[in-house]
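> Quick mapping for you: the protein sequence lines, in order, are chains A and B.
With the first sequence counted from 1, adding 4 to any position gets you our numbering.
With the second sequence counted from 1, adding 4 to any position gets you our numbering.
Mixed in with the good hints there might be a few duds.
Each pair may be met inside one copy or between any two copies, as identical chains are not told apart.
Taking lysine to any residue and the SDA-like style, the derived pairs with C-alpha atoms no more than 25 Å apart in a straight line are [said to hold, decoys possible]:
| # | residue 1 | residue 2 |
| --- | --- | --- |
| 1 | 114 | 65 |
| 2 | 114 | 98 |
| 3 | 114 | 82 |
| 4 | 114 | 97 |
Keep in mind the hints are simulated off the structure, nothing from the lab.
Note that the structure is a prediction, hence the values are computed from the model and not measured.
2 protein chains.
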Amino acid sequence: VSPAESAVVAANAAFYDAINRRDVATLDLLWATEAPVACIHPGWPALLGRDDVMESWRAILTSPEAPRIRCEDPVPHVVGDTAFVVCLETIAQGTLVATNVFVREHGAWKMAHHHAGPTSRRAAQRTPSRDLN
Amino acid sequence: VSPAESAVVAANAAFYDAINRRDVATLDLLWATEAPVACIHPGWPALLGRDDVMESWRAILTSPEAPRIRCEDPVPHVVGDTAFVVCLETIAQGTLVATNVFVREHGAWKMAHHHAGPTSRRAAQRTPSRDLN
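So that you can see chain A by itself, here it is in the shape it has in the complex (with noise of 0.2 Å):
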């Protein structure tokens, strides 16, 4: 594990903290403020630009459904100043699956990305290639 894969894997465990304490103001922090931002939640569309998708997670952590999100199996993917994780997203509904990407900025790892949706077979997920049979 390199560091910059220690420290995106920081940056992706930060965002769900963030998201579990409803912390938007940190949330607000860990996102890019330079890069061009996206954000998919389950099921919406895709929500374009800081503004939008700031919204969207405001709404959605002041909101007495705001979910709690356990991450796990973080895999982090560096590319000089950028990076995108693949990890799963337990809530009380289920297992979802992740992409979040992070670009690097002034040093520390942002949010450019958050896709999350829904992903049928958790066990799976270490064995990939029997699926395919």
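For chain A, the structure is supplied; the task is to place chain B on it using the hints.
The following block gives chain B in isolation, referenced to the frame of chain A:
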């Protein structure tokens, strides 16, 4: 639209064109060979690594049920030598939303990650903020 954005959108279109022509060889060439790759097919667990990803595409494109995908509304987000595209995918069963991550390798934009999943509100793609009210 910058030259990089145009090039990324063209790479994104080439990806769907290869799928629709069931052209496994071309599809293979469109994926990164140096950056780590991953893929989340709709409802699947994440596939990690080039071998599993390409094996999945070979299985999908050589199947009698190989999908035809119409890509619409691609929105490129370029950060240096990395980019992600958010777009809609219309298939026979309905409309999905996709995140496609690209990296520039030796001057060419190559795919590093594909994540497609359901989206419930097609018409909201252009005015997403209304959905939060």
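> Have a look at residue 114 and residue 97 and pick one of within, between, both or neither, based on CA distance no larger than 25 Å.
neither (28 Å within a copy, 35 Å between copies)
> Have a look at residue 114 and residue 65 and pick one of within, between, both or neither, based on CA distance no larger than 25 Å.
within (19 Å within a copy, 36 Å between copies)
> Given identical chains, is residue 114 near residue 98, meaning Cα to Cα at most 25 Å, within a copy, between copies, both, or neither?
neither (27 Å within a copy, 33 Å between copies)
> First find the shortest C-alpha distance between residue 114 and residue 82 inside one copy, then the shortest across copies, and answer within, between, both or neither for a cut-off of 25 Å.
Classified as both: same-chain Cα gap 13 Å, cross-chain 15 Å, threshold 25 Å.
In this structure, the earlier hints numbered 2, 4 are contradicted, and the remaining ones agree with it.
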